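A.B. asks: Sequence:
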Amino acid sequence: MIDIKFLRENPDIVKQNIKNKFQDKKLALVDEVIELDKAARKAKGDADALRANRNKLSKQIGGCFARGERDKAEELKTQVAAQGEELEELEKKEAELNQKVLDIMMVIPNIIDPSVPIGKDDSENVERERFGEPAVPDFEIPYHTEIMERLSGIDLDAARKVAGNGFYYLIGDIARLHSAVISYARDFMIDRGFTYCIPPYMIRSNVVSGVMSFAEMDAMMYKIEGEDLFLIGTSEHSMIGKFIDTMLKEEDLPYALTSYSPCFRKEKGAHGIEERGVYRIHQFEKQEMIVVCKPEESKIWFDKLWKNTVDFFRTLDIPVRTLECCSGDLADLKVKSVDVEAWSPRQKKYFEVGSCSNLSDAQARRLKIRVSGKDGKYFAHTLNNTVVAPPRMLIAFLENNLEADGRVRIPEALRPYMGNKEYIG
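In my numbering, the protein residues as written are 6 to 430.
Warning: the hint list may mix true and false statements.
Said to hold, decoys possible - The calculated PhoX-like cross-link candidates involving lysine-lysine, where the alpha carbons are at most 20 angstroms apart (straight line), are:
#1 Lys353 x Lys299
#2 Lys105 x Lys49
#3 Lys166 x Lys271
#4 Lys166 x Lys31
#5 Lys254 x Lys105
Just so you know, the hints here were simulated from the structure itself, not pulled from any lab data. Everything numeric in this text was worked out from a predicted model, so none of it was measured.
All chains, full assembly: derive it from the sequences and hints.
C.D. replies: Laid out in structure tokens, this is it:
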């Protein structure tokens, strides 16, 4: 959410930003919110003036009684009472107008970084850099669930009976591999100076609306019936929520945290939930990283975060590339985002395994995450990035480490978490 003062003073910049994100239907909201904000500020000014006058009259009432001017005192009391009713109406009007302003500001997109390429959707994202040489072996690579089934490592049929499509049972060495990747990711991030955290797996609605847009919430979140609680779609939500309504000390920044959690997603409107695959599913586990920092440091942290994911995948011998998300592919709260994609030898193309985002002060403004510094108070900047999210990541892992005889090679970095095995299968 952008600053209403910035919008008020720079409506043309906000409108151009909306055009750059190909959301022209929101252009009229800029002028509408300016008028509503003007009316809200007038209502506040009128209320403040009336409140001051009431206080002045109230003080005069006591003086009238002291001087025996009872009739004048009663007349003033009548005026105070009448102004009290008027004040109540003004306060109600101000609150209603402020709520309308807030509702509109919540859907006006954040100002994107000047470096973001302009494009309508993910088809216009721009490749930045490749890491590792993508290779295609001289033997056929089966579909990832077939590799898992040959290793007695997955049961989708049973999961479908128990929970429906988009769920799975991981078994044996594949289940162990899944846990090993998560454990390795945890230690990898701790070694890079991040503090490990296990957060709540449910969050309240005020946290949900603070960390994401309403459209994202509707497409992703599972709500707990009868409770003001949602299952998290990523631990970033509860990790940023940890700082809700706090005044942080500037000298304590940055907060660099890495968190483990299960994640739950409706995937509403998503296409291609494969009945035999684990690419897009309703339940998975993830190691995440988040940073809360000073505004002038967020660009530096952004590059650090996506590089962590690249380095992690390269230690597992998986070629990756980074993809700059274009303006139309950015969620409304994001100012800049880079996807990390892993190489699929079977498909001979890259696919997404993580996403790094800089949200500037958008989440902090919504959640009231403020910083007290030597030059005053300000909103913090927040960033997040995926370290790893199996089982999707296992697709890349199995394809890139599959041997011709059907075994799967375990890269050296992961062997301590797999009982020092060199292969599974």
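A.B. asks: Does each hint hold? Answer for all of them.
C.D. replies: A quick look at each hint next to the structure:
1. For the proposed pair Lys353 and Lys299, the alpha carbon gap of about 41 angstroms is over 20 angstroms, so the pair is violated.
2. A distance of roughly 15 angstroms separates the Cα atoms of Lys105 and Lys49; the hinted pair therefore holds under the 20 angstroms criterion.
3. Of the pairs offered as hints, the one joining Lys166 and Lys271 holds, with about 18 angstroms between alpha carbons and a cut-off of 20 angstroms not exceeded.
4. Restraint check: the Cα-Cα separation between Lys166 and Lys31 comes to about 44 angstroms, which exceeds 20 angstroms; the hinted pair is violated.
5. Note on Lys254 and Lys105: the hinted pairing is violated, with a Cα-Cα distance of about 32 angstroms set against a maximum of 20 angstroms.
In summary, the numbered hints that this structure violates are 1, 4, 5.
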